[in-house]
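K.L.:
The listed protein sequences derive, respectively, from chains A and B.
Sequential numbering from 1 applies to the first sequence in this note's numbering.
Sequential numbering from 1 applies to the second sequence in this note's numbering.
Certain hints may be false.
[Stated by the list, open to error] Below are the DSS-like pairs computed for lysine-lysine, each with C-alpha atoms no more than 25 angstroms apart in a straight line:
(1) B/K159 to A/K434
(2) B/K159 to B/K235
(3) B/K6 to A/K45
[To be verified] Residues from chain A shown here face chain B by an in silico Cβ test under 7 angstroms; the list is partial:
(4) L215
(5) R218
(6) I252
(7) L300
(8) L303
(9) L334
(10) I420
(11) F438
(12) S441
(13) V462
Calculated from the structure, these hints are not laboratory results.
By construction, the Cβ of each residue, glycine as well, lies at the ideal position given by its N, Cα and C atoms.
Each chain is listed here by its residues.
Protein chains: 2
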Amino acid sequence: MNFTIKQALIPVTEGYTTLDVQIVDGIITAIGENLDVIGTKINGKNKLLLPGFFNAHTHSSEMWQRGIIPPLPLELWIANLYDFTPLDTEQIYLSALGTGVETLLSGGTSVVDHLVLIPGKELETITTAVHAYQKLKIRAFIAPLIHDESLSASLPKGKSLLQYQSYFRPTAETLAILEEAIIKFHRPEAGINILVAPTGIQLCTDALFNGCSELSNRYHLCRHAHLLETKSQEKLAQEKYGCSAVEHLHEIGFLNEKTSLAHCVWLNDTDINILAQTKSTVVHNPLSNLRLGSGIAPILKYLQAGVNVTFACDGACSNDGQDLLEAIKIGSILHNVTDFDYQTWINPRQAVEMASLGGAKGLGLEQQLGSLTVGKKADLVLYDLQSLSLLPRTDPIGLLILGRPVNAVNCVWVNGEQIIDNGQFTTVDIEQLKTELFNRSQWQIRGASPSVEQIESHYRQVMGL
Amino acid sequence: MNFTIKQALIPVTEGYTTLDVQIVDGIITAIGENLDVIGTKINGKNKLLLPGFFNAHTHSSEMWQRGIIPPLPLELWIANLYDFTPLDTEQIYLSALGTGVETLLSGGTSVVDHLVLIPGKELETITTAVHAYQKLKIRAFIAPLIHDESLSASLPKGKSLLQYQSYFRPTAETLAILEEAIIKFHRPEAGINILVAPTGIQLCTDALFNGCSELSNRYHLCRHAHLLETKSQEKLAQEKYGCSAVEHLHEIGFLNEKTSLAHCVWLNDTDINILAQTKSTVVHNPLSNLRLGSGIAPILKYLQAGVNVTFACDGACSNDGQDLLEAIKIGSILHNVTDFDYQTWINPRQAVEMASLGGAKGLGLEQQLGSLTVGKKADLVLYDLQSLSLLPRTDPIGLLILGRPVNAVNCVWVNGEQIIDNGQFTTVDIEQLKTELFNRSQWQIRGASPSVEQIESHYRQVMGL
Chain A
1 MNFTIKQALI PVTEGYTTLD VQIVDGIITA IGENLDVIGT KINGKNKLLL PGFFNAHTHS
61 SEMWQRGIIP PLPLELWIAN LYDFTPLDTE QIYLSALGTG VETLLSGGTS VVDHLVLIPG
121 KELETITTAV HAYQKLKIRA FIAPLIHDES LSASLPKGKS LLQYQSYFRP TAETLAILEE
181 AIIKFHRPEA GINILVAPTG IQLCTDALFN GCSELSNRYH LCRHAHLLET KSQEKLAQEK
241 YGCSAVEHLH EIGFLNEKTS LAHCVWLNDT DINILAQTKS TVVHNPLSNL RLGSGIAPIL
301 KYLQAGVNVT FACDGACSND GQDLLEAIKI GSILHNVTDF DYQTWINPRQ AVEMASLGGA
361 KGLGLEQQLG SLTVGKKADL VLYDLQSLSL LPRTDPIGLL ILGRPVNAVN CVWVNGEQII
421 DNGQFTTVDI EQLKTELFNR SQWQIRGASP SVEQIESHYR QVMGL
Chain B
1 MNFTIKQALI PVTEGYTTLD VQIVDGIITA IGENLDVIGT KINGKNKLLL PGFFNAHTHS
61 SEMWQRGIIP PLPLELWIAN LYDFTPLDTE QIYLSALGTG VETLLSGGTS VVDHLVLIPG
121 KELETITTAV HAYQKLKIRA FIAPLIHDES LSASLPKGKS LLQYQSYFRP TAETLAILEE
181 AIIKFHRPEA GINILVAPTG IQLCTDALFN GCSELSNRYH LCRHAHLLET KSQEKLAQEK
241 YGCSAVEHLH EIGFLNEKTS LAHCVWLNDT DINILAQTKS TVVHNPLSNL RLGSGIAPIL
301 KYLQAGVNVT FACDGACSND GQDLLEAIKI GSILHNVTDF DYQTWINPRQ AVEMASLGGA
361 KGLGLEQQLG SLTVGKKADL VLYDLQSLSL LPRTDPIGLL ILGRPVNAVN CVWVNGEQII
421 DNGQFTTVDI EQLKTELFNR SQWQIRGASP SVEQIESHYR QVMGL
């Protein structure tokens, strides 16, 4: 689809200006005044045009448990989550759609889905998510979540004699499934990307990390993992490696410029330097870090060290939404309480750049995505500046990032294809999605969790509670 | 208006149940199964009924500057705000409406407006806000913001020889204006309440505090003030009183069970005990505390000490929105990072009680408002549980408080009068409000602020930056 956006408000160094933007074959071909209309004419008047943001770490299927898990730290929260009945592929499809829809409605055009796989139906799960994202047309980075240690291995042993159960499948088999998914589905030009994505040091052996690195090198794939989300994981890394998790991952060669790492709450200054040297990207999930009591990631330190940082929602039951603007807002203002010197605080324009260009960098795509630049792909969002939540008129980016935008996303294009037109989806039927989500669920509260009860006393002991 | 809500989902100890609620003459007269329809029948099916929340501290006119002030700590942010041209009464009217509308759209039925007064037009400002809230029919607690020291007095002197300018009006005259407003407008039964509301220790003499206490006693009014929002104010209190601000306010008799105190970030354990003893209420403004880098208020300590805590948005340019559900969410999960023991964390039901009954307590109205109880006033909110943001169905209160509800408020009543019906306002024309907000503003960015430049080097020095 070719189109020309007329008279949109666009940020420039000195403030804002009103410009036209031409898009031909999915590429931004011109930005300027009084451009000819090529293709469809889009009225940009009283609207703000920005590059699409990246929801750079989520787990789509957690949508089915959002709102229901009580306030618990990550390790007990996961145990609680394990008690739910495994999902079926229809649910996987609907929650991928739902996650994509909410991402798009909050300015995101790309989603990194660290996809939880149904045991025994791993390839089917990936296939289903691919279909959902193809249907929706959001740019998808599917990162099949793999590990090769059992859940009990994710807790530090402390002084206990805790024995870990072995994992149900050999590492090589897990890697073989991943490779099959890569061969079948990795089609960057069609908007579907596969990432290698070991869960993190808490559930993965070096063999799995190394297997992932090898696949990433062979197929030119990005790498993704959780990293030091909790204090418990910091302790675990010391037990497991005798050094920090970052030092270890660096030593085994997992960190490079195409590696993005979710959370990064418990890093020390040496670790931060390693991230800067290896050009790894930090994916900041402020809402889940608060919700799970993981801590406040030292984001201002990362920025000062030159580490690339971008934002994400994390899975919908540790947040418990998928509103990227909320994550960007809280991920910006949260750090004003960790550093008294306001000269280091993140400002709204910087937050926009982190959410767009920062996301693209983390996926090795900064030449193709992440800014309003001639020659880049047209992943674009047009915000309605006449939305009540963005009035009165002041600084549009300030309103968008520091405010609470509601019904503000007016049009969205990914790769030049329109997904939202005047607030309405063109690719999926939202009423039908709502009906299916409604019909496959019920209102309930959560009773005691057997899995939590099993590990709680050990958890309290190793954490000194 | 008499009405009966049929088959609404209502929280009970064991989970949720479906019940009918009768409202006669603004009072909840029955809650039960299969009640007769009295008056209008309201379909509560697939909707959650909760008592209305309190937006327990805001400054409505700040709506005109939302999104535009750069990231700065309170003291410099206020200086920046002072540079804007004073508002006119038409603007006061529109921003009071806008603040009320956004409060209602996020579950609030009461607003405490710590109203910034136009110098020389104090009574006109109050009159205008009263008219706006009467038009909208939200329950209003108008707290005219008064002080009797000049802005420069709000900074600690440190080792400097800073001289304070004197305030332009004698204290007695300010109190006289307040008394006139009380006599003219304080009509609790009609939903308009006046509070005595000195700004806080940073800009008020004891004479002003005592004058407010006297008016509060004479006219049976609630008291409201900012308290220890920043570290700078903690230092100032020591300079000014040689003790903590709380000790001083207690000594002069300002604290009682009808006193609500916004922020309370920098209190020590002795201070907390004083708040508990005096039954004062803490109004938690988590978003502005982050935005201005004020710090994280020790809310879990307050709760453990038995201090009543409720939530608020604070003024729209320190937040920069008026979405009460956002304030409740962040005000709940933020404290999970200050205390590792998850057993003390705020859960969603507790947050609902803090936002409703906690708000009512802070205004001495816990016998009349704040819960779904027969005999209480009908300040009610019906949430649409079929909103995409509240699907799939899990725990409705968990979804509402921990999620990111969008377009979820379906019906609102205050004092039994319907303000929102099926998502639409019945009392004000929202399109007209948007047009007026749009026409009286323009897109712009903020250049250097002369007032900030004037005090910045002193601020950095006293704060050790």
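K.L.:
Does each hint fit the structure? Answer for all of them.
P.N.:
Each hint tested on the structure:
1. The straight-line distance between the Cα atoms of B/K159 and A/K434 is roughly 63 angstroms, outside the 25 angstroms bound, and the hint therefore fails.
2. Note on B/K159 and B/K235: the hinted pairing holds, with a Cα-Cα distance of about 12 angstroms set against a maximum of 25 angstroms.
3. In summary, the hint linking B/K6 to A/K45 is not supported, as the alpha carbons are separated by about 45 angstroms, beyond the 25 angstroms threshold.
4. At a threshold of 7 angstroms, the smallest CB-CB gap from A/L215 to chain B is about 34 angstroms, leaving the interface hint violated.
5. Taken as an interface hint, A/R218 does not check out: its beta carbon lies about 39 angstroms from the nearest beta carbon of chain B, beyond 7 angstroms.
6. Interface restraint check for A/I252: the shortest CB-CB distance to chain B comes to about 30 angstroms, outside 7 angstroms, so the restraint is violated.
7. Evaluation of the A/L300 hint against chain B yields a violated restraint, the C-beta minimum of about 11 angstroms exceeding 7 angstroms.
8. Against a cut-off of 7 angstroms between C-beta atoms, the interface hint on A/L303 is violated, since the closest Cβ of chain B lies about 13 angstroms away.
9. The closest approach between the C-beta of A/L334 and any C-beta of chain B is roughly 6 angstroms, which is under the 7 angstroms cut-off, so the hint is satisfied.
10. Interface hint status for A/I420: violated, as the beta-carbon distance to the closest one in chain B is roughly 14 angstroms, over 7 angstroms.
11. At its closest, the beta carbon of A/F438 sits 6 angstroms from a beta carbon of chain B; the interface hint therefore holds under the 7 angstroms criterion.
12. For A/S441, the interface hint holds, since its Cβ comes within 7 angstroms of a Cβ in chain B; the closest pair sits about 4 angstroms apart.
13. Using the Cβ-Cβ criterion of 7 angstroms, the hint placing A/V462 at the interface with chain B is not satisfied: the shortest such distance is roughly 12 angstroms.
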